[in-house]
Amino acid sequence: MIKKIAKDEWASGLSKLAKTYRLFGPVAERGPDGARTFHNFKALAPGELPDLDLGNTRLSAKSLVFPQSEAMFTYTLDEDRDDHHILKEVPADGMSRVAFGIRPCDAKALAMVRMNFDTPEYKDPYWLRLYEATTFVGLACDAPCPTCFCTSTECGPYHEEGLDLLLCAEGEGLLAKAITEKGERLLADAGWEEAADQDLGARKAAAEGCITSRIGTDQLAEGDLLDLHGADFWEDVAFACINCGTCTYLCPTCWCFDIQDEVFKQEGQRLRQWDSCMFPIFTVHTTGHNPRDTKTQRVRQRFMHKLKYFVDKYEKGIMCVGCGRCVRHCPVNIDIRKVADLMNRYTSDAAKAEQA
Amino acid sequence: MLLSNLLEYMGIERNRLHMSWVSSAEATKFIDVVTEVTEAVRALGPNKYFIKDQAKVA
Amino acid sequence: MLTYIDEIRAASARLLQEGAVEMVVGFRQGSQPMMNEPCLIRRPEDVDTLVWDSHCGINLTNYLTNRKEKIAVIAKGCDARNIVTHIIENKIEREQLYILGVPCQGMVDKRQIAMRVAGEITEVGESDTEIRVQTTRGEIQTFAKAEVLQQNCTLCTHRNPVLYDALIAEAVSEQTVDRYTDVAAIEAMTIGERQQYFQDLFAPCIRCYACRNACPLCYCPTCFVDEAQPQWVGKGQDAVDVMTFHFLRAYHCAGRCTDCGACERACPVGINMRVLTKKLEKDCVNNFGWEAGLSPDVRPALDTFNLDDPDKLIK
Chain A
1019 MIKKIAKDEW ASGLSKLAKT YRLFGPVAER GPDGARTFHN FKALAPGELP DLDLGNTRLS
1079 AKSLVFPQSE AMFTYTLDED RDDHHILKEV PADGMSRVAF GIRPCDAKAL AMVRMNFDTP
1139 EYKDPYWLRL YEATTFVGLA CDAPCPTCFC TSTECGPYHE EGLDLLLCAE GEGLLAKAIT
1199 EKGERLLADA GWEEAADQDL GARKAAAEGC ITSRIGTDQL AEGDLLDLHG ADFWEDVAFA
1259 CINCGTCTYL CPTCWCFDIQ DEVFKQEGQR LRQWDSCMFP IFTVHTTGHN PRDTKTQRVR
1319 QRFMHKLKYF VDKYEKGIMC VGCGRCVRHC PVNIDIRKVA DLMNRYTSDA AKAEQA
Chain B
439 MLLSNLLEYM GIERNRLHMS WVSSAEATKF IDVVTEVTEA VRALGPNKYF IKDQAKVA
Chain C
451 MLTYIDEIRA ASARLLQEGA VEMVVGFRQG SQPMMNEPCL IRRPEDVDTL VWDSHCGINL
511 TNYLTNRKEK IAVIAKGCDA RNIVTHIIEN KIEREQLYIL GVPCQGMVDK RQIAMRVAGE
571 ITEVGESDTE IRVQTTRGEI QTFAKAEVLQ QNCTLCTHRN PVLYDALIAE AVSEQTVDRY
631 TDVAAIEAMT IGERQQYFQD LFAPCIRCYA CRNACPLCYC PTCFVDEAQP QWVGKGQDAV
691 DVMTFHFLRA YHCAGRCTDC GACERACPVG INMRVLTKKL EKDCVNNFGW EAGLSPDVRP
751 ALDTFNLDDP DKLIK
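Residue numbers (our numbering), protein chains in the order written: chain A, 1019 to 1374; chain B, 439 to 496; chain C, 451 to 765.
The hints are simulated quantities; they were obtained by calculation from the structure and are not laboratory data. Incorrect hints may appear among the rest.
[Unchecked claim] Distance ranges between label pairs, derived from CB positions:
id, chain 1, residue 1, chain 2, residue 2, range
1, C, E597, A, S1030, 43 to 51 Å
2, A, G1227, C, A653, 35 to 43 Å
3, A, G1306, C, E624, 43 to 51 Å
4, A, D1279, C, Y701, 21 to 29 Å
5, A, S1030, C, F674, 45 to 53 Å
6, A, T1137, C, D578, 53 to 61 Å
7, A, T1137, C, T453, 57 to 65 Å
[What the hints assert, rightly or not] Simulated crosslink set (DSBU-like; lysine-lysine; CA at most 35 Å straight-line):
id, chain 1, residue 1, chain 2, residue 2
8, A, K1141, C, K685
9, A, K1313, C, K520
10, C, K518, A, K1356
11, A, K1370, A, K1313
12, A, K1025, A, K1060
13, A, K1141, B, K490
14, A, K1106, C, K685
15, A, K1313, A, K1060
All residues carry an ideal CB built from backbone N, CA and C; glycine is no exception.
Model the full assembly from the supplied sequences, consistent with the hints where possible.
Now the structure itself:
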C-alpha cells in the first residue's frame, strides 16, 4: 500500500519520530562560499530535515552500520585495578535509528555486506546491533547519474532489497511504500497514513529507462579463475592506479577492516577501522613478507574479489551494486565498468577458443 | 624554523616550541633555557588543541 | 594547445621506433568527461591512443619513481619541476629520461565546472580559450578556460618546463601573480581562528591517502602513518590523528613541493590541503630564496647550510 506524505507532514512526522528514534540522513557539506559541495550521511540535528535533493551521497550508507572507526573494547594495564588486562565491551547505544535517503544501490549493498557479517557460523555483534536497530528508508532515483549502472547488477533505481520503506518524490511531497513490518511501523509512528491511489510501476520503468550505462557480467561465473587471474590485461588496468583508498572507502560493498589497539599510558582501547586492499600494508605478514607486493597484484585483487571470487563463493552475482562512486571519484579514472567488460570478454573469448 | 612557522600557522602558539643547543658543560645555560621554557609555557596555560582526548590534562 | 597532440604522437612514435626509449608515459582518453587516464605506451603503433587537452592535470612524475627503463615522459611545467626533484633525490637518472616538454596554460578544475552546471555533465569539448559542456538536461554551457582552472594553475609561475629534451610547442608567457594571498589570509587570523580553520578544513577527511599517493614526492617505502612499531599516529578517524597526518605529510614536502595540485585534485572530499604546503613554500622563498625543482644542479634549501641562514628559532 502506497502512502502519501504532504510537505508539512514530512517535518511534523520527523519530529514525532525524533522522540523514539535517532535520525540519520544525507546532509550537504558546504564549501568555503557556502555552496553545497556534496552529501554525506550524518546524524540529524533536532529539527534538521534530511536533504533529499541530491544525486547520491559522496560516501555510501555503509558507515551507518559499519563506522570507519569503531571502539570494540577498552582495557586498563594498571595492575592496581581489579579489572586490569581484561577486555571490556564498549556499551552499545541501544536506541532505535532511522536512516533516511538511502539509494536502492546502497540498500542492496547492505544486504550484500550482511552475507559477510551475519553467517550461520559467525555473527558480527557490532555490525548486527546497528543493522537491527536501524529502519532503512530508501529514496528512489528518478534522475540517475550517467555513471549509474545499477540495472546491470540485479539492482535498479526502485530496487527494494535491503529497505524497510521506499520513498519517491511526488510534487512537493513524497510517496512512501512500506516493504517490511519495520517500515509499516515507521509510517504509523510518524503518522503518515494517508493512502495514495498510485502505483510505482510506471515510474520504476521510466527511471530504469534513464540508466545509460551497462556492463556485461554473464560470463564471469563460467570462466576459469586461474585463467582470469593470469590474464594479460592486468598490468595495463593497474598502470594508472596510485593505490589510494578512494574506491574502497567510497564503495558501499567493501567490507574489509583492520583491528588496532591504541594505548595511552595505562589505558587502552581496541578499535576496528576500515581497511583497503589498495594499501600495500593490507597483506603484509609479520615476517615482513607481502604476498601482494605490487600495485598490479593489489588492483587485480580488488577486481577479482568483486567480479570473480565473490561470484563463485556466493553465487549471487557480482559484489558491486553499480552506484558508480569509484568511477566518478577515482583520481586517475580507473573504471570498473571497463574492467568488468574486459574480464567478461576474456572469459567468453576463452570459451569460444575452446569450442573452435 | 619552517617547522615552528608551520605549527604556529596551524594554531599552536609560537612559545610552545623551543629549540636550543646546550653542551653538557653549559650548566648555567641549561638552567636558563629550562627556566625560559617553563615560564613561557606556563604563561600560555595548558594546551587543549591538537591533543588527543585521552592525553588531555586538566 | 589543441594541436600539441600531433607533435606528442609524432615524437613518441619516433622515439619508440628509433629505440631511443622503451616506453612513453602519457595520457589516454578517459571514460569520464574531464578525466584522462595516465598510460604507458610501448609500441609505436599505439601512440594514437595518446591524448592531450585541458584535463591532463595528473602529475606523471609519479609514474617514474624507481623505474629502470628508458622512458619518454610528457611533462608540463609542474611535472618537469617534479622530475628535477626526482633526479636530485635519486629516484630516476637524467639519462633514463627523454622529456617531452609541454608549455602549459593550466588544467581545468572539473569540480568547479560540475558545481556551476545543473544536472550531470555528459560531453565536454574545448577550443583554445573555452570549455563547452553538455548536461543530462540537454543544456550546453560554455566557460572561459581562464575562469575554471585549478587554483594552483591560476597561480602558476612556471608554466614552461624547466628541463626538457624537446619542447612540443613554443613557450607560453609566464604569469606574474601573488601566489600567497590565501596563506596571508590564514596568517592574519588569530590563533583561535586558525585552530578552528584547520579543524574545519580536515573534518571531512576519510584518510584514503589519495593526496599522499597522488603526490610524486611521497615515495617512502613505508609511510609514517603505516608504521606499526612504533606507531607514530593513530590510524582511525580521531580528528587529531587526521590532522597529524596532514601536518606531517605537508612538512615532509617542505622545500620540495612544486604546487602541482595533485593532492587537492585527487581528494575525493575536496579538501584544499595545499594551504599547508604553500605556507612552507612561501617560507622557503622568503627565508632561503628557494623554489623547488628549478635546476638539477642546485641542492635544495633543506639540504644545505649557509652561515647566513636565518635561525630565529634556535637559542
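Here's how the hints hold up against the structure:
1. Between E597 of chain C and S1030 of chain A the beta carbon distance is about 44 Å. The supplied range of 43 to 51 Å therefore holds.
2. For the hinted restraint 35 to 43 Å between G1227 of chain A and A653 of chain C, the CB-CB distance of approximately 39 Å keeps it satisfied.
3. In this structure, G1306 of chain A and E624 of chain C meet the distance hint of 43 to 51 Å, their C-beta atoms being roughly 48 Å apart.
4. Separated by about 27 Å at the C-beta atoms, D1279 of chain A and Y701 of chain C satisfy the suggested range of 21 to 29 Å.
5. At about 52 Å, the CB distance of S1030 of chain A to F674 of chain C agrees with the hint of 45 to 53 Å.
6. Separated by about 59 Å at the C-beta atoms, T1137 of chain A and D578 of chain C satisfy the suggested range of 53 to 61 Å.
7. At roughly 60 Å, the beta carbons of T1137 of chain A and T453 of chain C sit within the given window of 57 to 65 Å.
8. Straight-line distance between C-alpha atoms of K1141 of chain A and K685 of chain C comes to about 25 Å, which keeps the hinted pair within the 35 Å bound.
9. For the hint pairing K1313 of chain A with K520 of chain C, the CA-to-CA distance comes to about 21 Å; that is within 35 Å, so the pair holds.
10. A hinted pair counts as satisfied when its Cα atoms are at most 35 Å apart, and K518 of chain C with K1356 of chain A qualifies at roughly 29 Å.
11. This hinted pair checks out: K1370 of chain A and K1313 of chain A have alpha carbons roughly 31 Å apart, not beyond 35 Å.
12. About 22 Å separates the Cα atoms of K1025 of chain A and K1060 of chain A, which keeps this hinted pair within 35 Å; it holds.
13. Of the pairs offered as hints, the one joining K1141 of chain A and K490 of chain B holds, with about 32 Å between alpha carbons and a cut-off of 35 Å not exceeded.
14. The hinted pair formed by K1106 of chain A and K685 of chain C meets the criterion: a straight-line CA distance of about 21 Å does not exceed 35 Å.
15. Restraint check: the Cα-Cα separation between K1313 of chain A and K1060 of chain A comes to about 34 Å, which is no more than 35 Å; the hinted pair holds.
In summary, the structure agrees with every hint in the numbered list given earlier.
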